[in-house]
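First to last, the sequence lines map onto chains E and D. Heads up: the first sequence begins at 65 in the numbering used here, then just goes up one per residue. Heads up: the second sequence begins at 576 in the numbering used here, then just goes up one per residue.
Simulated from the structure, these hints should not be mistaken for lab results. Wrong hints could be hidden among the right ones.
[Stated by the list, open to error] Listed below are several chain D residues computed to face chain E (Cβ distance under 8 Å; list not exhaustive):
| hint | residue |
| --- | --- |
| 1 | I664 |
| 2 | Y670 |
| 3 | P679 |
| 4 | Y846 |
Where a beta carbon is used, it is the ideal one built from N, C-alpha and C, also for glycine.
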Amino acid sequence: MSHSNQAAVHANPRLSYFEAAWVVARRDFIAVLFSRAFLFFLIGPLFPVLVGGLAGSIGNQVSREAVSVELGLAMSAADNAAMMDARDTLRPQLGGAMPVLREIPEAQVETNFDARAFLEQKRGNYAAIVTGTLSSPEVVGTEGQINRWSGPIGVIAATAGGAVPTSFPEVSKQTVASSASADRSNRIKTAQAAQMLLFLLTMLLAGMVLSNLVEEKANKIIEILAAAIPMDAVFLGKLFAMLGVSFVGIAVWGLLGWGAWSIASDAFIQVTGTDLGNLPAPAVGWPLFIALSIIYFSMAYLLLGALFLTIGAMASTVREVQTMSMPVTMMQLMVFFLAAYTITQPGSALETFSIVFPLSSPFAMLARAAMQETLWVHAAALLWQALAVMLLVKGGSTLFRKRVMKSGGAGAEKKPRFWSRKTSATEPAE
Amino acid sequence: MAVSDQTFLGNDAASDIRPLAIEARGLVKSFDNTLAVSGVDLAVPEGAIYGVLGPNGAGKTTTLRMLLGIIDPDEGVRRVFGYDQPHEIGRLIGYLPEERGLYPAMKSIEAIAFMGALRGLPLDEGRKRGKELLERHDLGHAAERQIRQLSKGMAQTVQLLGTLVHEPRLVVLDEPFSGLDAINQGKLERMIRALADDGVTVIFSTHVIHHAERLCEGVAIIAGGKVPYAGSVETARDRIPAQVRLETRAREGGWTAALPDDARREGDFFYFSLPDTGVEPLLRTLIEGEAGILSLSIERAGLHDAFVHIAGEAAARQLEADNAGDGQ
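Looking at chain D on its own, in the form it has when it is part of the complex:
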């Protein structure tokens, strides 16, 4: 297991006293002769927004399906709200699969009510809540229209509302941003944040890093069926030292010897990793050596850099290819 940060908040785990909504240890799943997922470990506290980040085919959907009990792992254990069998707490879970599916002849309101009924919500209550949800999302006019009469985006929204109608405590979304335009992606991001504000745990898979970076407290980076990292986004970014950009008036001087070994010059700027000791000792040397500091900035690594660092360049290239394929 290549994971050094196994718990959700990594180094901050000790200070996170929230109970776990999802806990998975050593999940393994193979189909025929192909190992789809190998040794997945996850720990998602209640109320968190958690991303499963990886290229297409990495094993994200298989992982989510195992967490939901749609398929059973060959090895390992999973617990959702402490239950080994997620069907035991079906009313607490909402799931939006990657392959969107609704009955084409069903009316929107009925589709939402039916999805609620599958989770134990009485049909009448489902219709009532469905109407409210549709109106809140500017789809009140589509309540009595058949799914086949809706646009793709509207149908996706209806399905998402069906996922939420029974007010689950855990929402699992498989590639929820896939196929949505920028406006609807923004709406979905706001919806996910609102759910988390209400204390709902949200876990979603994505191959788009910026969604995970903007929304998630924690991520599991998955590539080739393995999870080389699962923990907080902050800890992932901290895997790569922050980069320092320095601009000086003087081009040469004895002070250059004080720069870290990886320092390189590009035009008027020096770039180097933030030293373990911080920038204060370096600043003193630069001032004493009369380097003439014009500017100095410290830039933390982004999740993309962290992904490349953790999952490797091949996985990163595949991720970028997937994004290009999606137009994202």
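Isolated chain E, as found in the complex:
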């Protein structure tokens, strides 16, 4: 090394904290981006969507086939016909509230048709059976079915008997853009959708951080990193590398989604009944809401990632890492439920708690951005979340140095403190 270089090294004998984190972040970012794991990460969200779609479709099919909403008609032939005519008359006005009516063939041929016995013998596939006359109809069925269909059957029978008008005046329509009730309802939908998206993304990504740390333990490279730079810089570098990877992933998903929407928006609207172009606007407006979504996503990810890194720090083996991450995943799920539950309870103690508790804070605050216009609270929450990230990183790296870099088992056993259990050293010596 030349004298000038030597002088430079002595003048600046170490990397700064952020330079050190940058070296780790750059390596991890490139390594993950060009790995097969990233490909799986990209296609990862397709699986829940696919499985969800299939499950929904199958569920609907099963439900359609298994759950009968047909009511059997066991009145006189004339009454049956009148009932079905009345049902058809009312259907445009009452739609889904009207049952499907079917004449029971057996009732016409059996002279002493007993509706109760018919159902108890489990004949046919009727939810309930309507007997009696138009002036005195009777619904035979289970209590639930009777409660459900008594009203509509009464209306149909009355219509069939001419007790109500057979024609209805045309109702003219005047549409307003929104109302207080509609706004609140729409914003709740936006908040729920944003929270769900945030939750899925953070879980997916934080798991990647954990895998990355486990990989480094397996590769035994972690000691080289720990010897060269402060451990918290290693943690920070890893977290931000994965955050960068996640932004690339989100950008790819976003572009693909936008492309798919451009090509097949009509089909999407037809299938899902949702027009993404007309999603209900959040309270803070779309531009700020999107910006806050990105920031809260980053915070949620950094918090969970730091927690997972801490778990990695506490564990000595890959198996321990996997075991210990399970309760945290469950806790994160509960935190998500908490934040989701408080959407409809603004100003409650529970909402305040979910805002203050670092792990639920990003979720609760994102929901708040959808529901309320106040901005200063976001600045305060972000500062608090950033502080929590720093504390978690610091705590995790300290634990890592204390627990993982153990060595030397041949020394004398210390006298255990009176309150501590006697345990033997489990780490291999050197």
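Got chain E sorted already, so can you dock chain D onto it with the hints?
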């Protein structure tokens, strides 16, 4: 503290005016209920080759990790080039851990550059130097190959080059000879000597005495987490008096009374410790008593004898078992 020779060169310390690269006093570290290291004292001058010698599990790695700041001691102080926190001078240090680790998917040249970058070397410069180093060590052809495609020996060399690429002033090697064949061990010894010739301080841990004996100016003997000796190799050897081997024509005579008390006869030879007064007075008595001296040789104790003497037979047996386990 059982150390009588606390400074690096022991009795020669007064004449050694080199500044200290490493200084440690009373380092203590425990994990859970196990005391891994208890009261380690070291002083390594700049430019020295220093060995930390002891059996597996003695606390060598823990000591090195404390010196490097990977873990902090529970008690005691450590200073590297005068800094309490070694991370403050990360660019001056190179470290090869015992558990070798590299990213399997990384190319050799990138692995070296990355390790340099961790120590503050720009990536481009790291690649340039890495290429030169690989070529100098006959691994130029492996520069663009992934680590997973290299043999174990080649991967170890790549990691060692990564340890040196930023031209550190202090190189810390944890069991560097472990897993190397005889040829590569020889290469590594030459590399360590070359580093010291360039003024680099090298400290390495080992459980193989002959590496320490051949390379080191100073050693710390560590056993059971304690350091019963830290000082120059010469002073350690001097802990045991030199042995004299005497062959005489006459088997009996009055001159035998002049032999030291510990003298014993084995075949044609007498063996005894070198007297404090030297051999000259004894020689005069043997000549006057017409013993007929056929040969006389003085053999200094080796580091192995010194280790047995200082650390005890149990530690020595463990050391030999470790060596047998390694095939060394």
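Okay, the hints, checked on the actual structure:
no.	hint	result
1	I664	holds, 4 Å
2	Y670	holds, 4 Å
3	P679	holds, 7 Å
4	Y846	violated, 35 Å
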